[in-house]
Amino acid sequence: MSANQPPLLEVQSISKYFGSVIALKDISMQVHAGQVMCLLGDNGAGKSTLIKILSGVFPPDEGKYLVEGQEVHFGSPRDALNRGIATVYQDLAMIPLMSISRNFFLGSEPTIGRGPFRRFDVKKADQVTKEELSKMGIDLRDTTQAVGTLSGGERQSVAIARAVYFGAKVLILDEPTAALGVKEAAVVLRYIAQARARGLGVIFITHNVHHAYPIGDQFTLLNRGRSYGTFAKSNITREEVLAMMAGGEELEEMSHELAEFARTDTTAGATLAQASRAYESEAQDLGTESSPGSGAQ
Amino acid sequence: MSAIQQTAGGASADERIARESVFGRLLRRPELGAVGGAIVVWIFFALVAGGKGFLSLAGTASYLEVSAELGILATAVTLLMIGGEFDLSIGSVIGATGMLMTILVVQFGWPVWLAIIMTVLFALGTGYVNGLLVVRTQLPSFIITLATLFIYRGLTIAITRLLTGRTQLSGLSDAPGFSSAKAIFASSLNIGSATFKASVLWWLLIVALATWILLRTSFGNWIFAVGGGEQAAHNVGVPVRRVKIMLFMGTALAACLVAIIQAITFDGADVLRGTNQEFLAIIASVVGGSLLTGGYGSPIGTAFGALILGMVRQGIVFAGVDADWYQVVLGVILMAAVLINRSIRLQALRRR
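From first to last, the protein sequence lines stand for chains G and V. Positions 2 to 298 (my numbering) are the ones given, in order, by the first sequence. Positions 642 to 993 (my numbering) are the ones given, in order, by the second sequence.
Hints in this document: simulated from the structure, not taken from any laboratory. Given the structure is predicted, the values throughout are model-derived calculations rather than measurements. Cβ coordinates follow ideal geometry from the N, Cα and C atoms, glycine included. Hints should not be assumed to be uniformly reliable.
[Unchecked claim] Some chain V residues well away from chain G (every beta-carbon gap over 12 Å; in silico):
1) A816
2) E871
3) T916
4) Y937
5) D965
[To be verified] In silico SDA-like cross-links for lysine to any residue, where the CA-CA straight-line distance does not exceed 25 Å:
6) K53(G) / H875(V)
7) K124(G) / R857(V)
8) K125(G) / A849(V)
9) K53(G) / A194(G)
10) K170(G) / H875(V)
11) K124(G) / L856(V)
12) K124(G) / P781(V)
13) K53(G) / D122(G)
14) K124(G) / L755(V)
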């Protein structure tokens, strides 16, 4: 993380347009080894567009994309993968009906034998999968069980371990905690910390500041295709992050509205109380003459 | 870190692994339903038609022959279905390739082996066209191959009539190379009164090969992947299109093999040969545990599926029941297999 070492991944004022829609405008960001960069923003902020550029799905229309100081032009996700930039997609990371070890090595199967007898080394796949998962601190019962039997958090964790094993230098995690419960999310966050400890750069995309803040070293905030800038954790509080995220303003507005509701509620309550008092006294007045309840007495 | 590794190191002695019984493991195999079904069907016909020849060696040979030709097709269909696609055109490809081979030999005087090579290349071409259309258009393969089912059959009938003026053609046996071709594709082994066909050996060979490819090669892993999660497979660099096209070429090749076996066995071809075989192959595959939605299945299960269909087909005849009932039984078996397999699969995916 020394100053003279180029960042693992860097984008310089990149923009992306879809027809007349400005999806991203003038975004700059750096990710260093052993750092977790949180990419925060509400729906429609441009997070997905940015990760698609980073993972090689499509190129930016303007700006530069550098990996370890060199400018790159990726034609496909495979190109990005070859440069050590691995993306773990939220629900498209694993194939549920296949075993853990088959998933782990999918597309890069270890083989033994030669020529027509070259075959998938199932034993090695099982063994390496088990080893790699335990290195990440993932404790699994059996690597031959179907991925579909794992929980969402476990699936994400296996996908992270796989990316790490296949030489990822930068790990892009697309909303890894979005569909998870509190405990599950904590599990995934722990594996992100593991990946960081092993010297990877991590880009963690989320709209949940409570997941981002504990793990993040840097925060880049996107709003409507533009960046509010990147902030180190020491310079920003959780509340400030929350306030800056798109929706922060709305949240503030909403709290005003809620306060307004509460105020009108009290006014309404007072009016109601007044009315009922008036009614009661009226009833009392009437009761002296014709109220059936009091008349019976 | 060391603490983590220690816990992980202890994972091999994880008490949770022991919880899974051998029986539980068996239940999760896709083959189980078909193996059980085959035993039940065999016992049923042994009781009903045992005295009428079903249990004899000749009876066994007769249902094995039916199962073998269907099994060859169904094995390739299973791989394709695991890969998430259908091929309804294989019945027509049987008709087309059988007729092509016969016309080349009888009408144009080609030697048998040259005609076989040409026929194989042609079959691979039809499979390639099916596959290319499916991956290019992204339309359901059910529709694409339903279209090619009619196109291939129609072309076969029209062109055959145009060239020969007939819809049936025979006379392969007079051509050079017929005897060696017969030895390989249609020889038979007599044991007592029973005649076991070479097609049974081809069937076993193809099931073994398909199982090996599926479970022990990278390509097999890709087949499961393209059927189980195409996008996820693409994301990790599996050549999804290539895998699918090759699987379509596989089903066409299997159809071609069946056509060659039949043409040599019957000394000629008929433009209508192979009609409805595509459905029987899919039934055998589903009875064998394949999932219609892809990503799951087994060639060995399919072999037992084909065995069930063969036993039912011949068993009904042995039992003296009118063969018309075969289709009814077929439908009932398919229905039962789908229901049983569904419950097995739910078991397999249930969290342990």
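Status of the hints after comparison with the structure:
Consistency note on A816(V): stated as away from chain G, and its beta-carbon is indeed over 12 Å from all of that chain's, at 32 Å minimum. Interface exclusion of E871(V) from chain G breaks down, the closest Cβ pair being 9 Å apart, not more than 12 Å. With a least beta-carbon separation of about 33 Å from chain G, T916(V) lies farther than 12 Å from that chain, consistent with its non-interface assignment. With 12 Å as the threshold on Cβ separation, the claim that Y937(V) sits away from chain G is violated: the shortest Cβ distance comes to roughly 5 Å.
With 12 Å as the threshold on Cβ separation, the claim that D965(V) sits away from chain G holds: the shortest Cβ distance comes to roughly 39 Å. A C-alpha spacing of about 15 Å is found between K53(G) and H875(V), which places the hinted pair at or below 25 Å, so the restraint holds. Between the alpha carbons of K124(G) and R857(V) the distance comes to roughly 10 Å, so the proposed pair stays at or under 25 Å and holds. Only pairs whose Cα atoms come within 25 Å are accepted, and K125(G) paired with A849(V) is accepted, the gap being roughly 23 Å.
Among the hinted pairs, K53(G) with A194(G) is consistent with the structure: their alpha-carbon atoms are about 23 Å apart, no more than 25 Å. In summary, the hint linking K170(G) to H875(V) is supported, as the alpha carbons are separated by about 21 Å, within the 25 Å threshold. A hinted pair counts as satisfied when its Cα atoms are at most 25 Å apart, and K124(G) with L856(V) qualifies at roughly 12 Å. With a C-alpha separation of about 36 Å, the suggested pair K124(G) and P781(V) falls outside the 25 Å cut-off, and the hint is violated.
The straight-line distance between the Cα atoms of K53(G) and D122(G) is roughly 33 Å, outside the 25 Å bound, and the hint therefore fails. At most 25 Å may separate the alpha-carbon atoms for a hinted pair to count; K124(G) and L755(V) exceed this at roughly 43 Å.
Consistency with the previously given hints fails for numbers 2, 4, 12, 13 and 14, ordered from lowest to highest.
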